[in-house]
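Protein chains: 2
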Amino acid sequence: MSATINEIRPGAYFDSVVLMQLQRELAQLQGVIDAGVVMATPANCDLLISSGFSFDEGARSDDLLIVIKADDEQSAEKALAQVDQLMSRKRQIQSEGYLPKSMQAAAGQLPHSSWVLVSVPGRYAAKVARDALDINKNVFLYSDNVSLEDEVELKKTAWERGLLVMGPDCGTAIINGVGFGFANHVRRGAIGLIGASGTGLQVITSEIHRLGAGISHAIGTGGRDLDEEVGAITALEGLNLLTRDVETEVIVVVSKPPAPEVASRLLSAAWGCGKPVVVDLIGHPAPARRIGSLHFTSSLTDAANVAVRLIQEDNESGIRQRINPEESTQRPKFARGILAGGTIAYEVTIGLQSVLGPFFSNLHIDGVKHLPDIWKSQEHTILDLGDDTFTQGRLHPMMDNDYRIRRLRQESADDEVSVILIDLVLGEGAHPDPASELAPVTAELLQKAQQSNQLLEIVCIVIGTDEDPQDLNYQIEQMNAAGAKVFQDIGEAIIHTIDAVLPVQSKEWTEQNPELLTMPVSAINIGLEIFSESLRSQGAEVIGVDWRPPAGGDERLANLLSRLK
Amino acid sequence: MSATINEIRPGAYFDSVVLMQLQRELAQLQGVIDAGVVMATPANCDLLISSGFSFDEGARSDDLLIVIKADDEQSAEKALAQVDQLMSRKRQIQSEGYLPKSMQAAAGQLPHSSWVLVSVPGRYAAKVARDALDINKNVFLYSDNVSLEDEVELKKTAWERGLLVMGPDCGTAIINGVGFGFANHVRRGAIGLIGASGTGLQVITSEIHRLGAGISHAIGTGGRDLDEEVGAITALEGLNLLTRDVETEVIVVVSKPPAPEVASRLLSAAWGCGKPVVVDLIGHPAPARRIGSLHFTSSLTDAANVAVRLIQEDNESGIRQRINPEESTQRPKFARGILAGGTIAYEVTIGLQSVLGPFFSNLHIDGVKHLPDIWKSQEHTILDLGDDTFTQGRLHPMMDNDYRIRRLRQESADDEVSVILIDLVLGEGAHPDPASELAPVTAELLQKAQQSNQLLEIVCIVIGTDEDPQDLNYQIEQMNAAGAKVFQDIGEAIIHTIDAVLPVQSKEWTEQNPELLTMPVSAINIGLEIFSESLRSQGAEVIGVDWRPPAGGDERLANLLSRLK
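Each protein sequence line maps, in turn, to chains A and B. Using this note's numbering, the letters of the first sequence map in sequence onto residues 1083 to 1647. Using this note's numbering, the letters of the second sequence map in sequence onto residues 1083 to 1647.
What the hints contain is simulated information worked out from the structure, not anything from laboratory work. None of the values given here were measured: they were computed from a predicted structure. Glycine is no exception: its CB is placed at the ideal position from the N, C-alpha and C atoms. Mixed in with the good hints, there may be bad ones.
[What the hints assert, rightly or not] Sample of chain A residues lacking proximity to chain B, with all beta carbon distances greater than 12 Å (derived):
{"id": "1", "residue": "PRO1092"}
{"id": "2", "residue": "GLN1112"}
{"id": "3", "residue": "LEU1162"}
{"id": "4", "residue": "ALA1163"}
{"id": "5", "residue": "SER1195"}
{"id": "6", "residue": "VAL1234"}
{"id": "7", "residue": "GLU1311"}
{"id": "8", "residue": "SER1375"}
{"id": "9", "residue": "GLN1394"}
{"id": "10", "residue": "LYS1415"}
{"id": "11", "residue": "GLU1526"}
{"id": "12", "residue": "GLN1529"}
{"id": "13", "residue": "SER1534"}
{"id": "14", "residue": "VAL1583"}
{"id": "15", "residue": "ARG1638"}
[Stated by the list, open to error] If you want a taste of the chain B side facing chain A, the calculated C-beta under 8 Å gives, among others:
{"id": "16", "residue": "MET1102"}
{"id": "17", "residue": "GLY1261"}
{"id": "18", "residue": "THR1281"}
{"id": "19", "residue": "LEU1477"}
Can you make the complete structure from the sequences, with help from the hints?
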């Protein structure tokens, strides 16, 4: 027969490392079978139950819960009696030397520090981070269990002040050679990373190191940065920083599944940054292996491999635009596609949408908007004219160009349209000479646009072989002569269209500290003491704060105190 | 002032090619501005309206609608008066020689024909295809507007009889060098394709040809074959055929967005087929660039490139299993992952699920099932133990192995579990020697499993660098010594797990005609005459049927007649 006893200590706060160590030491005492020492959150209580513990109900999240299962009651009682002694010994070992009691005091001792590392429990973390922004420090917010509202508010504040908030739930970052949180020891080099994914960054940086290359900086954003509500504020700030960082030659962006519209905003910024960008948006279909300077990968290892390959190549340079997390003020022009090939329509839509944002279509693709009236395009629209609706009692558009020609006229009459994509699919069964019908109308519409000063391009994708009955080269020649931009590669047609349509971003935003990445790391650490030790071991300047929750963790009292202030 | 007149001819059926040509000839007559000659389906009426035509209401889908817009009423009337003359001239040109009036008559003339090509209007197509199966012919079903129910029924019937139904809405196929429907002229070679995407096949085959390689066969399935209801019957049949085809060395599978569960069924079959398979599931996130013999690509051009590269390499051989579109009868064993790295958990889940089918998880990924009770795994389960729920008031599992060890014990106690995945993430901030805690429990649990004859593997992913404080090699050695299968590459861990878990399919299914792909193409063509011409021009044997809709297209009469039979 075993015996289980427990003790609840109301409103007692301890560093999680202390609790883990205490639990382990209790479990090793004579006669003890198992022990649990946790803050009594609902999840921790469930966990203890699932591990076979029983204990008194009624403990709150702020309370310390100690449970001991032993061979007999005597051994259990004996173990419990040792808790205070073990705990005070921990305290003595841990707190070597004097630590300031507040962030403000620490900042007084280290006035040039640019970072505050926050790893206090989630419910206190937003307040601590806000205080850090108020004294003009950048924040590495390791804490999780921070609300989305707090995250949005912190990041907006930081953005307005030219500061960076990495997190919440930011497990890792490497700034100027120093790892924050969990970080592997890696070679210094030319690859800069932005990660809305903690272990994603760790896997990629370790693999880059293994391949013999190195890291300039790795900027963590927290896992929700690419959610719709946050809008990639930190990722876009990181992109700005790495764009201007001379050491960084190739940028890697890694994220857990992002919101599609936010992903295209980030990619449209990356498109213009002037450096090759490797993109691994996990669970988000890659639109192609490569679109212009964007290289899409489908695993972490693959992302590392592609990045290392790219630093060995000659890369384009020149920043085409400044990156702004706010919407562009310039009115965008639209792309339209009226395509005979259904799968061509899919590939074009997914490719264009990945950078240009939402498209309307009669295709059923996740994240693509349903076109309410198929007879009338709106904003960016791609139509599959081979769809059932269009071919009932009528030939497929690969054979019959009649409606395509009517629709070409209709799209070109819309002066918000700057690119119209069409396709010519050759081969057996298809129209014997499609260009003979599509080239004249292309020439006519381009001429009309020119006369009315409308910037219009007709992009034509030609699919076929040199053995096809229509004569591939003759088809291309006719379309070229009519003024169309002709591509045999769908990917190149996509790149050309994005370049023609992407609005140039014009609005300036608050300047970040341009030296943030290059000056020596100097930080204030609030929360887990191991992070101070880790920074110090890497040669960074760090000062810890002897942080305690307000009012000893008693929330009602803390609220009362804050109202009395 | 222009004038528009129209005529409705009830229940008149014409080949769509005839209508297109008639419309064109009318539009070219003197004084005529524009003309429309269509079957009066709702879509065609909308289309005429969107093109600026007006006409009498009340025409039905079975009726022929002729609309003429001319400079004046006289020119319009004059054009309309010529319709019959133009139409009868078309008929004369088209119908050279005698054509049998029924499929049965045609089959009598060409008894060894193995294919029936069907391109009649959608509402008649299922019946014609069914008749073809009844006389033991394989079907190329070009027609669209066929119901999903009819598709499922046709394909199940075909599968039971060892026949193939390509389509409905199958735009293209290449069988033994002969293109069906729309098909490009391409070199003969070692790459076999399966396409639930018509132009997808055309783009890839054209690109393979351009790269200097060639095609053995290209099997079309129709765009809905990978929908849940159809369950990839034709794709799986195609995979069987290409697996056994000696000419085919590499297989390419291309599809519009598939149903995730059907995709994994197809991929688990492809996994075992013994030939390298290039997979381009458009709009479906690729789980990796490569998992074992499956090569994932993210564009059509990319798929062609990878396939061509693969035929130049030495490839594995040996068919591991027969492919069966029905569920395996053998009870599967389950994989469990209890991972500290969130992104590692994502990548592992997406990779395993792509082949093994649905996983439960606390991760929020499209297509991954929500684990109702995070304290208890079920079937295939991957847990991110770094998730907020697990880390409130408790250290991250990269620092604290306590719960992982408890959960390892729990998972291994389930005798339906054959693989447990764990990860060791090294670096600053992480546990100073995680293997010292995880290796002993690994050894203990593996030993216990062995004693009770449970097939259990513990797969351990180690992430870190040779400069990390934990000593990477020492960590690996400890886990190896404990009997774990250790991988530094997540992709390799995924492959190992799939191989350990994938059930061997045992049930036999009806044998297909093993010579279907290798015997000379001989076909009966019902519908568009141009497809007869196209097959003949490619040297195939073909006989057309002078098909008319039952009861001249009058559906009520047709129903009446069929009941009188």
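Return the numbers of the hints above that this structure violates; sort them in rising order.
none
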